[in-house]
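Trainee: Sequence:
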Amino acid sequence: MGGVDRMDQNVGIYQVEIRSKKWWWPVFAYCLDLAFQQTWHLYRATPAGREQPLDLLGIRSAIVKVFLACGQQQANRGRTKSRSTALNRQVLDTLPLVKKDHYVTQSKQ
Numbered sequence: 001m002g003g004v005d006r007m008d009q010n011v012g013i014y015q016v017e018i019r020s021k022k023w024w025w026p027v028f029a030y031c032l033d034l035a036f037q038q039t040w041h042l043y044r045a046t047p048a049g050r051e052q053p054l055d056l057l058g059i060r061s062a063i064v065k066v067f068l069a070c071g072q073q074q075a076n077r078g079r080t081k082s083r084s085t086a087l088n089r090q091v092l093d094t095l096p097l098v099k100k101d102h103y104v105t106q107s108k109q
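So that you can map any letter, position 107 of the sequence shown is 107 in the UniProt record's numbering, and since no number is skipped, the others follow by simple counting.
Don't take each hint at face value.
For lysine to any residue, the following SDA-like pairs were computed, each having C-alpha atoms within a straight-line distance of at most 25 Å [stated by the list, open to error]:
1. K65 x M7
2. K65 x T105
3. K65 x Y43
Ranges between beta-carbon positions, derived for each pair [to be verified]:
4. R19 x L42: 39 to 49 Å
5. R19 x R50: 34 to 44 Å
6. L68 x T105: 49 to 59 Å
By construction, these hints were calculated from the structure, which means they are not laboratory data.
We put the CB at the ideal spot given by N, CA and C, even for glycine.
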C-alpha cells in the first residue's frame, strides 16, 4: 500500500481548506487535489521532470498560472466602434419618415 499512502500524504500536504455549506465542495476539492498529485507524479516520470524537477507546490503554482493566463486573453469583447457607427447610419437611413408634430407638452390638470 505504498502508493496509496504516498498519495494520501501528498494530498494532505497542500490540501484545499475552504469551508462551505455545499455538500459537493469537499468532494470537488479532493478530486482537484488528486488531479494535482497525479499530474506531479506523471511529470516526475517524464524526461523533462528528471532534468528540471519540481515539487508538488511548484506544479500546483504552474498549473494555476496557466489557467489564470488563459482568462486574460479575452480583453476585446463586443463590437468595434467603427462597426457600430456604420450600423447606426444604416438604421437611420432606412427609418420611415415620421410626422414632426408628436412633441410632448405639459398639460394642466
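Trainee: For every hint, state whether the structure bears it out.
Mentor: Right, here's what the structure says about each hint:
no.: 1; hint: K65 x M7; result: 23 Å, holds
no.: 2; hint: K65 x T105; result: 61 Å, violated
no.: 3; hint: K65 x Y43; result: 17 Å, holds
no.: 4; hint: R19 x L42: 39 to 49 Å; result: 31 Å, violated
no.: 5; hint: R19 x R50: 34 to 44 Å; result: 39 Å, holds
no.: 6; hint: L68 x T105: 49 to 59 Å; result: 58 Å, holds
In this structure, the earlier hints numbered 2, 4 are contradicted, and the remaining ones agree with it.
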